[in-house]
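K.L.:
Spelled out from the first residue to the last, the chains are:
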Amino acid sequence: MSEAILKVEDLKKYYPIKGGLLQRVVSQVKAVDGVSFEVKQGSTFGLVGESGCGKTTVGRTLLRLHENNGGKVIFDNKDVFALSNKELRAIRPELQIIFQDPYSSLSPKMPVGEIIGEAVREHKLVPEKELRNYVMQIMRECGLQEHHIDRYPHEFSGGQRQRICIARAVALKPKVIICDEPVSALDVSVQAQIINLLMDLQKERGLSYVFISHDLSVVEHISDEVGVMYLGNLVEKGPKKEIFKNPMHPYTKSLFSAIPTPDPTVKMNRIVLEGDIPSPANPPSGCKFHTRCQNCMKICKNVAPEYKNYGNDHFVACHLYDK
Amino acid sequence: MFKKTALQKEAKKRMKEISKTNRAIVKKFEAEKKRKDVPESEYKTEMKNPHNILEIDNLHTYFYTDMGIVKSVNGVTLEIPQGKTVALVGESGCGKSVTSLSIMKLVSAPAGQITDGQIRYNRPTGPIDIVKTPISQMQDIRGNEISMIFQEPMTSLNPVFRIGAQIDEAIMLHRIDIKKADVKKQTIKMLELVGIARAEGIYNSFPHELSGGMRQRVMIAMSLCCNPRLIIADEPTTALDVTIQAQVLDLLRDLKTKIDASILLITHDLGVVAEMADYVVVMYAGRIAEQGTAHDVFLHPKHPYTMGLIKSKPVVNQEVDRLYSIPGQVPNPVNLPEHCFFKDRCDKCIAACNGAIPELLQIGNTHKVACHLYDNEKEV
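Going down the list, the sequences are from chains Y and S.
Counting from 406, one number per residue, gives the positions in the first sequence under my numbering.
Counting from 21, one number per residue, gives the positions in the second sequence under my numbering.
List of simulated lysine-lysine pairs, DSS-like, C-alpha gap at most 27 Å:
no.	chain 1	residue 1	chain 2	residue 2
1	Y	Lys608	S	Lys331
2	S	Lys29	Y	Lys514
3	S	Lys331	Y	Lys645
4	Y	Lys445	Y	Lys650
Just the calculated beta-carbon pair ranges, DEER-fashion:
no.	chain 1	residue 1	chain 2	residue 2	range
5	S	Val336	Y	Met515	36 to 42 Å
6	S	Asn224	Y	Tyr557	43 to 49 Å
7	Y	Lys423	S	Glu50	50 to 56 Å
8	S	Asn224	Y	Ser432	23 to 29 Å
9	S	Asn178	Y	Leu427	32 to 38 Å
10	S	Asp274	Y	Tyr557	45 to 51 Å
11	S	Val340	Y	Leu427	57 to 63 Å
12	S	Val340	Y	Lys483	33 to 39 Å
13	Y	Asp605	S	Ile155	50 to 56 Å
14	Y	Tyr557	S	Ala185	39 to 45 Å
15	Y	Ser562	S	Thr145	42 to 48 Å
16	Y	Pro689	S	Asp341	39 to 45 Å
For the record, the hints were derived by calculation from the structure and aren't laboratory data.
Backbone N, C-alpha and C fix where the C-beta goes; we use that ideal spot for every residue, glycine too.
Could you build the full structure based on these sequences and the hints that come with them?
P.N.:
Next up, the structure:
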């Protein structure tokens with residue numbers, strides 16, 4: 406196996422809740438509470454979970470868009486959180502992000518060429534004279550027409566805007582791209598186009614992705630490894646095939662059973678979870694999932710389960726498999 | 021720099037002309053709508069099949085904008101049998117939502133107008149044509165007999181009123197049989213019906229205190245509080261997580277059998293459709309591409325667009341190297357071509373496709389498709 410390009414170790418991110426007259430910190434929302442995973446060179450790590458489970462926070466903290474509250478992120482043998490501002494700036498082009506909503510993540514006042522080329526110019530990746538040609542070449546690679554270089558974002562459809570976002574990230578010759586729900590705002594037919602584009606770019610440029618999504622079928626299609634998050638923790642992690650063929654954690658099982666299949670003859674055998682995801686400001690004791698778990702045992706209410714390897718790099722945190 | 025080019029001037033002039041003619045057309049429609057004392061005979065009609073709750077016949081809903089006429093719904097014909105679920109599928113902008121708004125007569129006037137067609141609704145007091153029904157009559161039907169669940173529970177609840185007050189209002193307006201003192205009891209009963217555990221507590225909370233799934237439940241409770249005969253669910257689960265989506269779908273299915281209502285489900289998620297629907301209608305650019313039972317459409321899709329849609333969705337536990345994607349984009353709704361709207365994106369295009377726009381063909385007992393590929397397969 407090739408080497409890990411991005412290593413996340415026990416990442417933590419807490420948000421303070423302020424209250425009272427003096428706005429003192431009264432408690433904390435543990436948005437990400439000890440997440441570890443690795444992304445191998447040229448592969449895709451898929452991160453799945455319900456909204457509010459901390460997937461996006463992981464993505465943003467990785468890039469140091471938020472400061473962390475513990476843990477390490479090793480990118481290319483450098484500790485991202487130990488870097489000085491100057492050093493951080495040097496690795497910024499190599500770690501890029503694509504946001505969920507292509508409508509709000511593009512400046513409406515900038516033409517496309519400027520959106521894609523701005524960061525390239527700032528980081529002096531390409532001489533000023535060749536910049537326009539370089540941008541055109543990137544646009545072509547991302548399936549945009551070159552003569553659109555002077556148009557503004559509002560002239561494009563949702564799918565094309567997402568292509569612009571991808572072009573903006575790719576133009577900096579990154580090594581890792583964090584894709585934060587890049588297709589959830591798009592129609593099915595456009596979704597397929599964008600996923601194909603991402604996979605083509607990966608092949609051509611040897612990119613590595615952290616692919617954040619709540620759509621399990623998309624994650625299965627694009628990922629090599631998958632991590633399932635629940636309330637700030639990874640509850641299950643492993644190679645895609647392991648996870649999808651043999652889900653072990655009750656949460657993963659219920660997630661999979663909830664996916665509707667486009668086949669009317671298949672009668673679903675659903676595990677419907679009761680209730681909503683608990684508030685991360687006040688997570689349940691013991692295993693965080695025990696309030697909604699069907700296989701809940703006594704031990705689950707008091708003791709947080711350990712994260713164990715059950716063969717083939719299949720990690721699960723659940724008391725069911727303690728023996 | 022601020023001088024307008026000749027081209028811009030020309031465009032501005034054209035826009036003015038369009039808006040002038042539009043105003044004249046819209047004025048006529050509005051005058052027709054605002055007439056008082058419309059005789060009942062004018063909107064009474066007959067159902068084609070008395071077992072249907074709703075029949076839409078050749079519906080046209082146009083938007084008269086300054087850029088030109090947008091033909092959002094362009095000849096849609098479908099029927100909803102009593103107690104069944106009909107799903108309307110298509111990409112965004114294909115006219116699914118406008119169809120549903122037309123049924124409620126909620127298309128945003130004056131720009132949007134139902135220009136042609138019939139929407140026959142099987143009222144207990146006798147079938148009526150919704151298109152011709154005056155607004156005063158519609159108010160008795162909306163919410164009471166036909167109710168709607170809107171897409172975004174975040175924006176369709178009023179943030180400054182408590183949940184209870186918002187449901188109370190609907191009951192007080194429509195249920196004359198319930199005394200004022202009993203309204204709260206009914207509201208709490210409804211909240212319990214949709215599976216909200218702490219109904220009393222929720223009654224007194226504000227929308228922002230609830231999660232997305234809870235808000236959607238509140239919306240469903242609100243739409244069910246008058247025992248509607250037809251529920252229009254406009255993307256009821258699009259904004260929700262899979263686990264919550266499963267809860268809401270289960271709930272809808274349960275309730276449908278409990279109160280024997282029919283559902284018109286509007287969505288772009290084919291998985292949801294396969295699970296919920298008895299009949300499926302696939303829309304593309306304001307027209308119906310294919311319709312039939314869920315079996316027909318999913319197991320034997322005929323229209324290239326339907327096939328593309330089904331193929332482009334990755335399915336869990338089925339591996340493919342590369343996803344199929346339909347090339348190109350939806351045509352501009354202002355400037356629709358004269359030939360089949362799907363021709364430019366179709367990979368099965370034949371010579372006939374350059375000709376007239378294909379009509380819906382009956383190719384099976386329940387299965388209809390609008391495609392020239394099947395011109396010779398007409399049912400004998």
